[in-house]
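Starting from the known structure of chain Z, fit chain R onto it as the hints suggest.
Keeping their order, the protein sequence lines are chains Z and R.
Read in order, the letters of the first sequence are residues 1 to 260 in our numbering.
Read in order, the letters of the second sequence are residues 1 to 123 in our numbering.
A portion of the hints provided could be inaccurate.
[What the hints assert, rightly or not] Label-pair ranges, simulated between beta-carbon atoms:
hint	chain 1	residue 1	chain 2	residue 2	range
1	R	L70	Z	L123	42 to 48 Å
2	R	M7	Z	P24	39 to 45 Å
3	Z	Q245	R	L14	37 to 43 Å
4	R	L44	Z	E182	42 to 48 Å
[As the list claims (entries may be wrong)] Selected chain Z positions facing chain R (in silico; Cβ < 7 Å):
hint	residue
5	I64
6	F187
7	A210
Bear in mind the hints are in silico, worked out from the structure with no lab data behind them.
C-beta atoms are modelled at their ideal positions from N, C-alpha and C, and glycine is treated no differently.
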Amino acid sequence: MTSKGASVISRATEPVAPATLTRPRAALREGAATSWPLLLSIVPFGMITGVAAIATGFSLPLAIGMTVIIFAGASQLATMQLLTTGAAVAVIVLTASMINLRFLLYSASLAPHFQHLPLHWKLLLAYFTTDPAYGITIVALNERIPIPMKHWYYAGAAGLLWVGWIIGTLTGALLGTQIPTEWSLDFAISLNFIAVLIPAIRDRATLLSALGGGGVAIVARGLPFNLGLIVGALCGIGAGLLLEQWQRGSGNDAPRASDE
Amino acid sequence: MPPVLVMSEAAIWLLFLVIGALTLTFRAALIVLAGRFAIPPVILRALRFVPSAVLSALIVPPLVFYQGQLHLLGQGWLNERVLAGLIAAAVMWRTKRVLLAILVGMLVLWGLQFLINQLQYMP
Numbered sequence: 001m002t003s004k005g006a007s008v009i010s011r012a013t014e015p016v017a018p019a020t021l022t023r024p025r026a027a028l029r030e031g032a033a034t035s036w037p038l039l040l041s042i043v044p045f046g047m048i049t050g051v052a053a054i055a056t057g058f059s060l061p062l063a064i065g066m067t068v069i070i071f072a073g074a075s076q077l078a079t080m081q082l083l084t085t086g087a088a089v090a091v092i093v094l095t096a097s098m099i100n101l102r103f104l105l106y107s108a109s110l111a112p113h114f115q116h117l118p119l120h121w122k123l124l125l126a127y128f129t130t131d132p133a134y135g136i137t138i139v140a141l142n143e144r145i146p147i148p149m150k151h152w153y154y155a156g157a158a159g160l161l162w163v164g165w166i167i168g169t170l171t172g173a174l175l176g177t178q179i180p181t182e183w184s185l186d187f188a189i190s191l192n193f194i195a196v197l198i199p200a201i202r203d204r205a206t207l208l209s210a211l212g213g214g215g216v217a218i219v220a221r222g223l224p225f226n227l228g229l230i231v232g233a234l235c236g237i238g239a240g241l242l243l244e245q246w247q248r249g250s251g252n253d254a255p256r257a258s259d260e
Numbered sequence: 001m002p003p004v005l006v007m008s009e010a011a012i013w014l015l016f017l018v019i020g021a022l023t024l025t026f027r028a029a030l031i032v033l034a035g036r037f038a039i040p041p042v043i044l045r046a047l048r049f050v051p052s053a054v055l056s057a058l059i060v061p062p063l064v065f066y067q068g069q070l071h072l073l074g075q076g077w078l079n080e081r082v083l084a085g086l087i088a089a090a091v092m093w094r095t096k097r098v099l100l101a102i103l104v105g106m107l108v109l110w111g112l113q114f115l116i117n118q119l120q121y122m123p
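Extracted from the complex, chain Z is given alone in its bound form (with noise of 0.2 Å):
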């Protein structure tokens, strides 16, 4: 998702007269003709999730709700993994919040965009936010687009991901039910882990990052209530600041990442 974010944000700083951009519509519908294109990764990956719903036990009202309540889709896919193994309800809590804390960075990033408006664009705008909506509108809102019309745009290019959202995993969620469990669907949440993984790694810190929170996991899994992932993402963590903290202190600089 964030390689086909970076083309069309390319796209999307090419210059347009600001001039053109004063109607809450036009800017409603430059923000769709913006993030359109991740629906290509948002539906598909949408179905995954109502398919792995299904396949956690869930009925469909159930599976609707996830993605409408918690609209997070890492964060969903880990609280049905965590379901299904029986870990104790403290411990999924605590995993999806830490897989959605990312959501602060962007939060403190689009803030100053969304200053002027009352609670109630906040709170919708604050809640459509995803990583692609965020990754496809932050240089457009940084660069051109007028500030009364920023929440039309942001809400148009979010609101559609939403939508995309929305209907994939209802798609899924019907289609789940008929599929058999033979051809290993569940495995998909692993695959989706992986893709959402690996462009995270971006240097060797969170390369470290990533080695120290799985072994630490593989050797702490035998601690109760599945807290071996809570002890290995926060050793990760740990072990990825220390790298960057040593880097910086021999003057050894990696790229740092400032962009997320």
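Okay, now just chain R, sitting in the frame of chain Z:
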């Protein structure tokens, strides 16, 4: 293997609401409280490692453990899920295409499962 959920449907709805509320809090916190306080720099730096560390800790154990036993590459003689996962990771690394990686991973898994089945029935 039909899934067995230990939680009731009502409890799962409640779980969704709790996770949803926390997630919306993360999404909205700084947009709503814009400019009123700053996040400590060490937290912002740690957030950068959250996706890689958490996702890795989440996916690695279910891939390498089979029926409670650690099988890094072998389950009997081959852990087809680890192998398919590694190939999918390589495809993702080279092409950065999510759908292609998932498709290749599933095809490799199905191919290996087919091969393993064939070998089991050999005399």
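To see whether the hints hold, each was checked on the structure:
1. Distance hint for R:L70 and Z:L123: a CB-CB separation of about 46 Å, consistent with the stated range 42 to 48 Å.
2. A beta carbon spacing of about 44 Å between R:M7 and Z:P24 agrees with the range 39 to 45 Å that was offered as a hint.
3. Distance hint check: the CB atoms of Z:Q245 and R:L14 are about 41 Å apart, consistent with the given range 37 to 43 Å.
4. With their beta carbons about 46 Å apart, R:L44 and Z:E182 fall inside the hinted range of 42 to 48 Å.
5. At a threshold of 7 Å, the smallest CB-CB gap from Z:I64 to chain R is about 11 Å, leaving the interface hint violated.
6. Taking 7 Å as the C-beta contact cut-off toward chain R, the hint placing Z:F187 at the interface holds, the least distance being around 6 Å.
7. For Z:A210, the interface hint holds, the least distance from its beta-carbon to any beta-carbon of chain R being 4 Å, beneath 7 Å.
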